[in-house]
Structure formats: C-alpha cells, structure tokens
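Chemist: One letter stands for each residue in the lines below.
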Amino acid sequence: MRLDEIREIARIEADREDGYRHRINVCVAAGCLSCQSASVKDAFEKEIAKRGLENWCRVKGVGCLGLCSGGPLVAIEPAGILYHTVSVSDVSDVLEALDDGPLDRLVCSGETPFFKRQKKIVLENCGRIDPERLEDYIAAGGYQALHTALTLMTPEEITREIEKSGLRGRGGAGFPTGLKWSTVAKADNETKFVICNADEGDPGAFMDRSVLESDPHRVLEGMALAARAVGANHGFIYVRAEYPLAVKRLKKAIAQAEHAGFLGNNIFHTPFRFDINVRLGAGAFVCGEETALIASIEGQLGRPRPRPPYPAEAGLWGYPTLINNVETLANIVPIIREGSQWFAGIGTEKSKGTKVFALAGRVNNTGLIEVPMGTSLREIVFEIGGGIKEGKQFKAAQTGGPSGGCIPEHSLDLPMDYESLAQVGSIMGSGGMIVMDETSCMVDVARYFMEFCRSESCGKCVPCRVGTTQIHELLGKITNGTGTAGDLTKLEELCDLVKHTSLCGLGQTAPNPVMSTLRHFREEYRAHIEDRFCPAGVCRMGRGKEGE
Amino acid sequence: MTIPAYPTFPRGDSELGKPVGILTLKIDDRDVSARRGETILEVARENDIFIPTLCYLEGLSSLGACRLCLVEIKGVTKLLPACVTPVRQDMEVVTDSERLRRYRRMILELIFSERNHVCSVCVSNGHCELQTLAQKLGMTHVRFDYLYPRLAIDASHERFSIDHNRCVLCMRCVRVCDEIEGAHTWDIMHRGISARVITDLNQPWGESETCTGCSKCVQVCPTGALSEKGKSVAEMVKHKEFLPYLQIMRRNER
Amino acid sequence: MGKIRMATSWLDGCSGCHMSLLDMDEQLIDIVGKVDIVYGPLVDAKVIPEGIDVVLVEGAVSTDADVEKLRLLRERSAILVSLGDCAVTANVPGMRNRFPLAEVLKRGYEENAPLNAQIPREDLPHLLDKARPLHEFVPVDVFLPGCPPPADAIVYMLQELLAGRIPDLSNKSRFGA
Amino acid sequence: MEALKETASKAQDETSKRADDPRWRRVNRVMRLHGYRPNALIETLHMVQDTFGFLEMEALKYVAKTLQVPLSRVYAVATFYHFFSLKPPGKHTCVVCMGTACYISGAAEIMHEMQEALHIEPGETTADGAISLVTARCLGSCGLAPAVVLDGEIKGKMTPAAVLETIERWQADASG
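Chains as they are written, first to last, in our numbering: chain Y, 227 to 774; chain C, 1312 to 1565; chain S, 14 to 190; chain A, 13 to 188.
None of these hints come from the bench; they were simulated from the model. Among the hints, erroneous ones may be present.
With a straight-line cut-off of 25 Å between C-alpha atoms, the simulated DMTMM-like cross-links for lysine to aspartate or glutamate are [to be verified]:
(1) Y:K703 with C:E1420
(2) Y:K725 with C:E1420
(3) Y:K477 with A:E165
(4) Y:K716 with S:D154
Let the hints inform the model, and build the full structure from the sequences given.
Modeler: Put into structure tokens, the structure is as follows:
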C-alpha cells in the first residue's frame, strides 16, 4: 500500500461517516459488555430498521469509553452527547431525542472532571473507532506513522525519537524505553524478535485489555515501528487466554494488516518485512517477567532464569529480543506522528507523557482514565473519581497491584510519577489503582496480595516459594486473632529476605504490599495483635487454633 | 509485574596488557585470577573459598534457585548468585558478611519449615547436604512455623524410593535425568509451594515408561528424598563422582 | 562462689537427651562440683523451685500440661536451654503433626489396639493439635540440637554457661545424630 | 507375537480414530501449523482444552508423542499453568472474580456463600458433576465489582443472594 492509498481510504471513510446525520457509538468493551451493552446495540439496530432511519443513523460498536461504572455507555456523534446506563427500554427514547437535544435523565455531562481532567494519548481512539475495522483506524490517522518511519527515517532516527521523548516502560519499574531499544538495536545478530507483553496479570488492572480490545491496530503499528528500529523481522504478542475478546480482535487485526500490506514482506514497498504471531498465556502471573514470558512462548514452563544475560542480548530462542508492554507500544505511534518534543512536553521532568489507570474500588466513578504524569492522587480520586462512595472517608489508594503498595491519606497530594510513588513505598506498576475507604482492612489487603503472590510464585527459588507462604501464614494468624508480639519482627525480616534474595521481579516485589502497609498503617497491625480487634470490621477474629 | 532496572557491572579498564582470557579480581580481599567465562563460584572453589550451595552441582547446568550462594559485589546493589554470575575484571566479591550469613540461615530455616525434615529418622542422616549446611551455617533452630504438609512416599520402584517429605526441589534429579541420562523421566508439577517432583505423567515411579533405572537421580539427590532400597543409614552414601567424569567424556567425544 | 542452680525437664521426648547428659563420663564429676540440680527427673524435687539459673528442657510441647510446665520453668529460670531435636524442632513427636489430631488418636488407640480399643479421655493431659518446639511458646536462650546432642556438646555448653557466656554451638552438634 | 500384533493394530486404530474425529483434526491442525515442534506444546494444549473441555491423560500422552516432548514435561506444563484443567468441568460453571477491586467490594463474601451452598472448594466440581466453582484473578470488569461469570455470562455488581438464585436454579435443573 502507498500513502495516497491510505489517504484515499481515510477520505472515503470520513465521507461515509459525514453522510450520517447521527452516529450512535455503543461501547462493546468488556466492562459495558458485562452490563449487556451488546443487546443495547442490537436494540438500536432493530429500532432504526423499524423506523426506517438507516440512511440517517448508523450504529457502531466501539471500544472503551472509560466510565465503566456508568455502563452501558452510548455516545452520539456529532452532537457529542454521552449517555450512561442505557438499557434496551431506553433505546426508543434515545432515538426520539436525537433531533431535539439530549435526553436529560441519561446524559453524562462532558464538562465533568471525569472527562475534562483527562488527556488521551494512548486511549485517543478508544470509544471512537470500531476496533474490528481497519478503515476506522486508518481514518483516525493510522499507519501513517509507520509510513513516515519507513520512508523518511532511519532505524537510528526512530530510536532517537523514542529516547528523546523520555518514554519509560509502562509495565512496571519504568525502564527508559529508548535505552532498551538501542540495546537491542546494537546487538549483533541477523535474527531478532519484538515481543508485546500483553499478559496483564495485576488483579486490579485492565488497561492493556481495553487498548487491545478497543484499538488493536495501534499496538501492531507500534510493534512494527519497534521492529524497524531494532532490526527485528518477527514479533509475538503474548496475551492472556482469559481475554478472549482481545485475542479475537488482535487476530482479526493482524489478518487485516497482513491483507493490506502493513505486515508481511515489503511493507510500504520498502525492503522491511515484519510478521506478528499471537501466543496465548495460560494463567501464570509470573509470565509477565521477561525471561518467564520468553520461556512460555517457547512452549516451556514459565520459570524465570537469572539475568544476565538479558533478553536484549539472549532472549527468545537465544536471539536478541525486545519486550515492551501494551501501553508502552501504544505510545509509539503518537510519538512518531507528533514528534518527541511534543511528548516530552507532557508530564513531569522524569516521567513523560500520560499514564492510563484502571480506577476501581470505593470511588464513585470507576473505569479507565488517562492523565498526564504528575497528576496528583487527590485530583484522580476526588475530581476524576468523583470522591468516595456513600460519602465515606478515603483511607488509601493501592497502586502497582501485588508488586505495589498503599498510599495513605496524608500523601493525597503525591504526584503520580515513577519517583514519587517509589518514595512512598509503592510503584507505578501497570496502572491498577484501587481506592479504599474505612471499610477496608489494610492487614487483610496485605494478606490478599500475599495470597496472590504465594499462589503465583513459580516455586523455583526458595525465598519466594517458601517466604511468601510464610508471610501469608503470619498474616493469616494476625487476621484471625492469633498473632503474637514477635510476628511483626518476623514479618519484617521475611519481607527483607524475600525482597533481596528472590530470583525474579515477582519475589523481589512481593513484600511491597506488606511493607507499605506496615509503614503507613502499623497501628492497624497492632490492633489485630494486641487488642484482637479489626478496626475496619473485616477480619473475623477469634478463629485461632486450639491450644494456643 | 515489575521489570527491575538492568544492573550494570562496574567495568574495569585495566584489562590491557593481561594475557588473553585471564582476568584478575578480588574475592574476600584476596587477589585471584580466573579464566574468562568462569563463574564466581568456580573461581572461589579453585581458591578454596567456601560459598554454600544446594541446588548447584558440578556437571549439571546451573539454576540459581536455592539462593544460598548469593554474594555481594562492590558497586552492584543486588546480591547475585555465585553459581551463574560470570567473573569480570576487577570485580570485588564478598562471599561472607553478617548480612549474607543472616540471609543464608533464613533460607535454610525456610527449607526446613517447608517439608517434614526429621533428620533423626532419615535414611540420609549423616550424609545429607542440607543437614551439613545447617550445621555449617549455624542454623540451630527454625523460627518460622513448620508447614507440615501431608506428603507421600512412593516406593513402587523395585530398587529406589522417593520421600517427598525430604525433597528440597533443587531439581538435580530433573537435570541429571534430562541432561546426562537423556530420559527426562523427572519433572516438576504444579508451582509455588505446591510444586512436587514427578515421574512421567505423575505416575508411580515403578510404572514409569521412561525410567531406565540408572540411579543417577538417587546419587545426586542432596537429601534423603531419593534413596536406594535395602540400604541402612550408614550405607546410604551418595556417589556423585561420575558427573564431572561423564561431562569430560562427552566433551571429548564432540 | 556458690553453686549454679540447675534444673532439667523432660516433656514429650524419649529421655535420650538426659541419657546423653549422663554420658559425659568423668567430666560429670567436674560439672557436679559446680552445680546443684534442683529439679528434674534426675532428682526427687516435686515442685519447680524459684530462682533457677539454668534449665535444660528436653522434648517437644505436646500437651496443655507441657505448656504449663514450660511457662513455669521459663518464669523461674534465668537461662532456658532447648536441649535436643524434640525441644528444638519437635522431631519425632512432631511427625504426627501432618495428620489431624482425631486421626492420630484413632490410629494410636483404636486401630492399633489388640483389645479394649478406646481413646482415653479422662485423667490425662489434653493433647495439643500439634507437637511444637519450645521456642514457639517461650523465649529460648540456647539451642542445642541433636538426637541426642553429643555429650561433648553438652559439656561444652555447660562449661560456657558456667563461665558466664552464652555458648556458640554451631559446629558442636547438628540435627539428627 | 499375537500380543505385538494387537498392540500394533491398536495404535493404528488410535491414529485413524484421531484422523477421523473432527475434534482431533482441530488439534492435529495446530500441531501441523507449528511443524510438530516441541514449542507448540502450550498452543496445542489450549486447543485440546478448547475442544474437549479439559486435558485428559490420553490426550496428554498423544500430544507428548506427537510433539516429542517428554511425558513429565507435558504434565509439568499442564499443571504449572492454572488455565489448564485435568478434570472435566461441571455442567454449569460459576466463576467468582477475586481481582482486587472485586475483593474489596465483597467477592470473598460471595465465594464464602458459594462454598457453603455447594459444599466444595474453589477449583472443584460438585459430586454430581453439575456445578464447578472457579476463581478468576481478574476479569477486567473492575468498574463493575464484584463480578461473577455464570455459564460464560459476565454479571457485574453482584451480591451473594443474586448468585445463589442462579445456583439454586442450576441445582433444581440437575435434580429435576
């Protein structure tokens, strides 16, 4: 395909869209699907057919519109109206109201902080395009960045753009993406691989899933750009089998891209060739770790191995391999399209760009949000999130999932960037953010995460395998009212051991939820041990073992 | 999942003028020389510097799993396993410190707490690497609650038996069977604290279709998990000498 | 200088550690000159006295009576030694721990009893869910593992204690034999 | 000699049975697409489970043989990854999401009630094979916590009572 062909597709698509007086976009991402948005979409189609409005109105299933707690969401274009909690019985009312202005009882104000405070880069197409149509993606400017990069830039220039943008890995600790790319680019080998890590395992995070379900081509294009920059010709997307919709859309997108010539041989009539295969994860959190992920793609057990050698030197089947996560790759296209300077102008000095958070828990507005790096926790919870449910008191926000920590109330003004989060004992992680109020017991939350790490530990190294089990046992004792005075010391010693002696990132970060709650909520631990009392009323005390 | 930042090794620039492939470093303040590509553990052993190990066995691939051989390296924040970390020019290694001793003792405590290691009634009492390490590293008691899992003994094989109560999951049996014998009868099922060694499709050992009965797994097992039937405690000495020999022979063949 | 007031105690164990204590041959004479044994299976005292300097406890904690006795010993002793594998690790008494208590009692008193099979319920201390090492109940000052600990290790330990030092017993004994 | 013949013809039957059965043809296709290389193991197991609902011992053996992967390694992989199941699923499946958002919104309470009602632990199937109780790490429906999947249909903002209602209907079906 050539650039003018792309532009032609985009133009036809735009004309087609403009031909409709009303365009109804129904969210069909996971969240809204679970409140029956599919039947709402069907109802719209039937009702439009019944009323004979097909030439005036079209209905489209789109990806995540963000405000999951208000699902099913329906957006009306070009009027720019968003309706929440639309049920099948509302469909005819919505259609009635198309020409006379919004239907007040269902409308979400676009002026609310939930929408106004966000800045969408990664999610720019989410909720706007039909993820199953390549033409939609092209009409939104898709694959032009790849064209630019292949025809006007050298691989070194692409890498330099990413370096200059200041983009850091969105999957965890925030390693500079450009540096990772240049390491793989420098590796001297004819065969190299690019892997997209879509094994989103944090049990409170769903942004990668939303990106894959709502805008799969963006990830493919990002991978192709990465492959061009580092000199790879083969790519893999390692995605959770638990995300069947994402898998389906990815496979469809790959087939479309191959058919259109955006993947395969001689892309854009250049010598560059690149193919992408999908590999399914099979329910192992540890496969988010690079070496375990590689082993899993090789059909092996997902057990991490000691590094070095790093995947950049010896990765998949021993070849130099670049691994980036979904959100990182989703940032590549806009950086190439708008330039590194534009990107570097967003966010803070050391954390550039935006971050997508899966905002959940005890806030009024839950869902997927994207904010500039450095946005304060207070803004996220109280403005975007609309405050705590039922007027309760904010207690803590948990970021980084099982590898992260809890941020207490006195740190509400903390800017969300890599360094600030590390300072309070948490991490950015992949972007799960769970807000907790007074009804959550912090010891119980720590126990919950340790249960997760215990059962996700691969079992290879002793500190992680047995250490997480012992920490979990201790937390179990504390939460059932049989903890003793010495247990806190033991907890701290074990956390220190597991953190410093485990083989991979899973073990090294597993103690974080315990250590951060011990640091900020120690009195809650004490209440459980000394007074046999759970201040939040969550733990059922007094179920101790006999004879003690 | 967090991807920790790449640690970088301090690179010396005094490599010029040295004979090819030979480099010098410091282990516990002693100047030692090494061949390029050797691991810290190999160099330490050549120089009679003790680093405790459990999963490591000369002649098998290295795992870095037991974490007993972790050492401190100047300029590197992380502790690194000596068995898989290659030496570098001017590296300064500390194999023994208060912190390392504390971690190593705790790791042993964790291993002892994990399964039912009752040394006094074990067939390997007196010939057990775990027992010896506990003594050597001064681990006199376990401060964590024992987990007391309910584990089976499989004595279905006519000559050998496996007692899961004594297994430390070092994977030596898995490796020797795969890498040396070539049968890959052993592997590990499940994961984390539920992990167990298995033969074939988790069948009784005696019904294994692939076991050749070579006894290599028994010989390399550091504890009393794998043992020969009909031997008394005094007789149950393991012979691992064949391993480096086999490795040399195979290398020569190639 | 007055003699050291020493006590010994025997919880759930086989008395092998006490045997090992007596097994120190001629060195026993030297030790006996320096200590008064004020309580334990080796002497007649029926009540645990106050003001014990050193107590050597053999055996695991298996019953509520064991817990009570251990707590009292701890209260009245300056230094408590966990003597032998049963005291240190629960060892053989702890081998029942992987089975539920009811199953253990059934196995011991019903399945294996040739006649009058019944689980005793009266006049006996209540068996704990699990047999446990001493340090899970009270603070322990010195650990001397071994099944039994060799006499030499016991001698060394006592000599060090007599000299007013907390002994370093690594390398002197080990788990198992 | 007779025995040998019998074994040989059995193996023949086995292969042809697999070649005739459209379900096995799906599995074979995956292996062929990957050139029967050992690294196709996980992809193949996915297809076996997708086709048969679980991983049967005979299937594991067949896959091991075809891909030339040691038996113990196949078993290891099949048990390491929690997505795979070696037991047939129940007629109905109730998946309780135990993701963080669901957990702090009462998923544990739902799970507790289910265990009481069905007398099984998570990961088990009722004795009559009617209902399987499963936990999920995160369904990605955190905005609608707590979420439960009842026979493949995700339901958000669930309560123990609401889930019990469905469970009771399933139980009535099974006994009726």
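Chemist: Could you run down the list of hints and mark each one as holding or not?
Modeler: Evaluated hints:
no.: 1; hint: Y:K703 with C:E1420; verdict: 19 Å, holds
no.: 2; hint: Y:K725 with C:E1420; verdict: 17 Å, holds
no.: 3; hint: Y:K477 with A:E165; verdict: 23 Å, holds
no.: 4; hint: Y:K716 with S:D154; verdict: 18 Å, holds
Of the numbered hints listed earlier, not one is contradicted by the structure.
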